[in-house]
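> Listed below, chain by chain, are the residues.
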Amino acid sequence: NAGVTQTPKFQVLKTGQSMTLQCAQDMNHEYMSWYRQDPGMGLRLIHYSVGAGITDQGEVPNGYNVSRSTTEDFPLRLLSAAPSQTSVYFCASRSGVEKLFFGSGTQLSVL
Amino acid sequence: AQSVTQLDSHVSVSEGTPVLLRCNYSSSYSPSLFWYVQHPNKGLQLLLKYTSAATLVKGINGFEAEFKKSETSFHLTKPSAHMSDAAEYFCVVSDGGTSYDKVIFGPGTSLSVIP
Numbered sequence: 001n002a003g004v005t006q007t008p009k010f011q012v013l014k015t016g017q018s019m020t021l022q023c024a025q026d027m028n029h030e031y032m033s034w035y036r037q038d039p040g041m042g043l044r045l046i047h048y049s050v051g052a053g054i055t056d057q058g059e060v061p062n063g064y065n066v067s068r069s070t071t072e073d074f075p076l077r078l079l080s081a082a083p084s085q086t087s088v089y090f091c092a093s094r095s096g097v098e099k100l101f102f103g104s105g106t107q108l109s110v111l
Numbered sequence: 001a002q003s004v005t006q007l008d009s010h011v012s013v014s015e016g017t018p019v020l021l022r023c024n025y026s027s028s029y030s031p032s033l034f035w036y037v038q039h040p041n042k043g044l045q046l047l048l049k050y051t052s053a054a055t056l057v058k059g060i061n062g063f064e065a066e067f068k069k070s071e072t073s074f075h076l077t078k079p080s081a082h083m084s085d086a087a088e089y090f091c092v093v094s095d096g097g098t099s100y101d102k103v104i105f106g107p108g109t110s111l112s113v114i115p
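Sequence order for the protein chains is A and B. For what it's worth, my numbering labels the leading residue of the first sequence as 1, then goes sequentially. For what it's worth, my numbering labels the leading residue of the second sequence as 1, then goes sequentially.
Note that these hints are calculated values from the structure, not bench results. Positions of the beta carbon are idealized from the N, C-alpha and C atoms, including for glycine. Be aware that a few hints might be false.
[Claimed, not checked] Using C-beta positions, here's what the derived DEER-type ranges look like:
#1 63(A) <-> 1(B): 19 to 27 Å
#2 56(B) <-> 96(A): 19 to 27 Å
#3 53(B) <-> 15(A): 44 to 52 Å
#4 86(A) <-> 114(B): 27 to 35 Å
#5 26(A) <-> 52(B): 23 to 31 Å
Given these sequences and hints, build the entire structure.
Below, the structure is given as structure tokens:
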């Protein structure tokens with residue numbers, strides 16, 4: 001049972017480049033979400049999904065796209081990276097009102 | 001929409017003294033509330049959760065929190081701090097009681113423990 005698998009662990013981009021952060025879970029969780037963590041700001045919700053085909057914006061959605069074609073996968077796309085998107089990104093999932101299960105994080109630097 | 005305020009960005013206590021980390025929330029419904037801890041360069045770990053059962057919730061490592069609806073608060077306490085408690089603590093709220101509710105983190109409180 002792998003839990004939440006998040007890739008890559010590290011990524012360096014140039015301004016304007018695009019990339020996709022991958023997230024997969026094998027626990028059949030309906031709820032999946034993406035956060036970014038910046039010093040002094042906690043984890044801020046980017047986008048979330050409550051099931052396949054259903055996504056919604058979180059607190060800081062601008063510059064990011066998501067889709068949920070299957071229960072297992074919830075990729076996060078940066079269409080045109082900006083230095084302000086330098087952060088640590090976490091994918092998380094949960095069942096019902098239980099705790100969140102987190103991926104190991106992606107450290108992203110945009111130069 | 002739900003939100004979380006953590007009243008102190010940094011708290012410093014001496015080893016063996018009580019810990020109080022304050023959290024106030026805003027929620028349109030009956031919220032679920034959580035406290036998570038993150039040690040340096042580590043992942044997030046659930047300390048405890050409130051989901052409309054007992055208002056005094058006991059968690060791991062001697063921590064507990066009390067849900068006070070009238071004050072919209074969910075403060076985290078521990079009777080005696082240990083050096084290993086030094087970490088970042090996050091108060092977390094989820095509106096309502098279903099899996100369809102987004103989960104919002106507070107900005108965090110950094111706890112230092114002085115020997």
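> None of the hints should be skipped; say for each whether it holds.
Tested hints:
no., hint, in the structure
1, 63(A) <-> 1(B): 19 to 27 Å, "21 Å, holds"
2, 56(B) <-> 96(A): 19 to 27 Å, "22 Å, holds"
3, 53(B) <-> 15(A): 44 to 52 Å, "49 Å, holds"
4, 86(A) <-> 114(B): 27 to 35 Å, "33 Å, holds"
5, 26(A) <-> 52(B): 23 to 31 Å, "29 Å, holds"
The structure is consistent with each of the numbered hints, conforming to all of them.
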